[in-house]
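Colleague: Take these sequences, add in the hints, and give me the full structure.
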Amino acid sequence: MIDLNLIREKPELVRQALADRQMETSSVEQVLQLDEQRRSLIQEVETLKAERNVVSKEIGQMRDPAARQENIDAMRLVGDRISALDEDLRQVQARLDELMANIPNLPDARTPLGVDENENVVIKTVGEIPELDFQPKPHWELGPELGIIDFEQGVKITGSRFYVLSGAGARLQRALIAFMLDLHTRQGYTEKYTPFMVKSDTLVAAGQLPKFYDNLYKDHEEDLWMVPTAEVPLTGLHMDDILDEDSLPRYYTAYTPCFRREKMSAGRDVRGIKRGHQFDKVEMYIFCKPEDSPAAFEKMVADAEQTCAELGFTYRVLQLCTGDLGFGSTITYDIEVWAPGCGEWLEVSSISNVTDFQARRANAKYRPVDGGRARLMHTLNGSGLGMPRTLIAVLENYQQPDGSVVVPEVLQPWMGGTGVIS
RNA sequence: GGAGGGAUGGCCGAGCGGUCUAAGGCGGCUGUCUUGAAAACAGCUGUGGGGUUACACCCACCGGGGGUUCGAAUCCCUCUCCCUCCGCCA
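Using the working numbering, read the first sequence as starting at 1 and increasing by one per residue.
Simulated from the structure, these hints should not be mistaken for lab results. For every residue, glycine included, the Cβ atom is placed at its ideal position computed from N, Cα and C. Incorrect hints may appear among the rest.
Simulated restraints on C-beta separations [unchecked claim]:
| hint | residue 1 | residue 2 | range |
| --- | --- | --- | --- |
| 1 | 47 | 298 | 50 to 56 Å |
| 2 | 211 | 241 | 21 to 27 Å |
| 3 | 36 | 113 | 43 to 49 Å |
| 4 | 9 | 160 | 39 to 45 Å |
| 5 | 44 | 113 | 24 to 30 Å |
Modeller: Below, the structure written as structure tokens:
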């Protein structure tokens with residue numbers, strides 16, 4: 001959520017941001033109108049409440065029964081009026097909240113203008129697209145041939161787009177998770193193990209509800225939702241907190257599965273493990289002071305890049321344009337790794353500075369050392385990295401002409417001597 | 001799942017229809033005193049909203065939500081969480 005005062009004071013700025021994101025701008029006018037209505041209602045109802053408070057206090061001390069009754073009758077009418085106004089106010093507030101919940105964050109000045117993902121900008125490419133002297137196989141061939149990915153069993157027990165990892169395949173994914181958590185720990189992040197289910201308040205705080213209701217899995221009887229990303233529980237860690245300034249920044253990393261109920265288009269990404277309703281991810285997350293978030297963003301990008309580099313991947317860094325930018329983000333870099341088997345760049349990470357957008361919703365603040373008012377923190381999130389695609393990249397990049405896979409050096413400590421999958 | 005007990009300001013803890021404008025204590029901040037510190041004494045102390053150039057001032061908040069009442073921390077309903085015991089269980 002953005003600051004309502006910003007819309008009040010600089011509506012043209014917000015209108016421009018919406019236009020840059022290829023969105024309707026009419027909500028700005030509606031917000032302004034509702035806000036005015038809201039404030040006029042507040043003034044009216046609070047004047048009445050002040051009156052009732054004063055008179056009620058007097059009633060308590062009155063001795064004359066007639067005068068007392070007269071005041072009670074008068075206040076009963078005032079009370080009825082207050083109830084009616086409170087109800088009006090509730091409705092106006094609800095409409096305002098809904099509008100505000102659907103206004104995205106303002107893009108950073110460095111985010112390039114663009115209509116859609118075709119106008120994202122490649123910042124840099126690291127490594128070369130390898131020239132192989134044999135025909136590389138896609139992972140959906142490699143995996144079953146090596147007996148480490150079983151698509152039939154996934155479909156059998158759960159359904160379309162689910163798979164089972166087996167033996168060295170399962171172990172390889174576990175190795176990747178452990179490697180990433182250990183690397184991020186060295187980079188200064190504190191590892192967190194969080195619940196994989198959260199209550200709706202947490203999803204609201206993280207900005208997933210109400211907007212992404214359709215993409216979430218939910219318990220039918222209780223207020224428990226499967227996390228769509230570790231970003232959700234990590235944001236929730238400090239909702240309604242006021243942290244000490246000198247305890248910032250806080251760097252967190254967490255492994256969680258991610259559950260997403262998105263509608264998959266039938267013909268797209270159907271092969272392999274690239275896209276599914278369940279996937280694993282190691283996430284990085286930072287809470288920091290507003291003035292520190294640009295530097296924190298650079299750090300997080302560098303940390304994700306290092307993860308790719310240590311795995312020996314050829315990767316490129318893209319900057320998302322305004323038309324492709326996520327709802328809460330001001331600036332986002334995606335990292336894509338080259339997968340020679342399927343012959344495409346795979347998005348394995350997305351790093352965003354959401355400034356105070358999530359913090360405002362989550363009510364996540366810090367107390368300055370000078371003891372002044374609590375201020376909203378800034379938050380940043382980034383994948384480090386997304387699992388199935390990283391697994392794809394390992395299999396496809398490290399495959400040998402004979403169909404075996406040589407596991408990268410950095411992962412071997414977790415592979416139990418299995419340096420080669422064959 | 002069953003029975004009982006709880007939830008009050010940064011923390012402890014009183015209050016159980018009307019000066020609650022939430023006692024008292026601890027902690028914190030400021031000041032007086034002091035060469036300095038401690039002690040003592042005095043004052044201050046949260047969040048959100050409205051309002052103001054800025055103040056003043058006003059409203060709301062005693063776990064969440066709803067209700068009764070002229071008036072609710074206090075009474076009623078409901079939910080959540082914590083504690084004790086029983087049952088079940090990896």
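Colleague: For every hint, state whether the structure bears it out.
Modeller: Status of each hint after checking the structure:
Distance hint for residue 47 and residue 298: a CB-CB separation of about 51 Å, consistent with the stated range 50 to 56 Å. The hinted window of 21 to 27 Å between residue 211 and residue 241 holds, with their beta carbons roughly 24 Å apart. Range check, residue 36 to residue 113: about 32 Å between beta-carbon atoms, so the 43 to 49 Å window is missed. A hinted range of 39 to 45 Å for the beta carbons of residue 9 and residue 160 is inconsistent with their spacing of about 50 Å.
Judged by the Cβ atoms, the range 24 to 30 Å given for residue 44 and residue 113 is violated: they are separated by roughly 44 Å.
In the structure shown, a violation is registered for the earlier hints numbered 3, 4 and 5, in ascending order.
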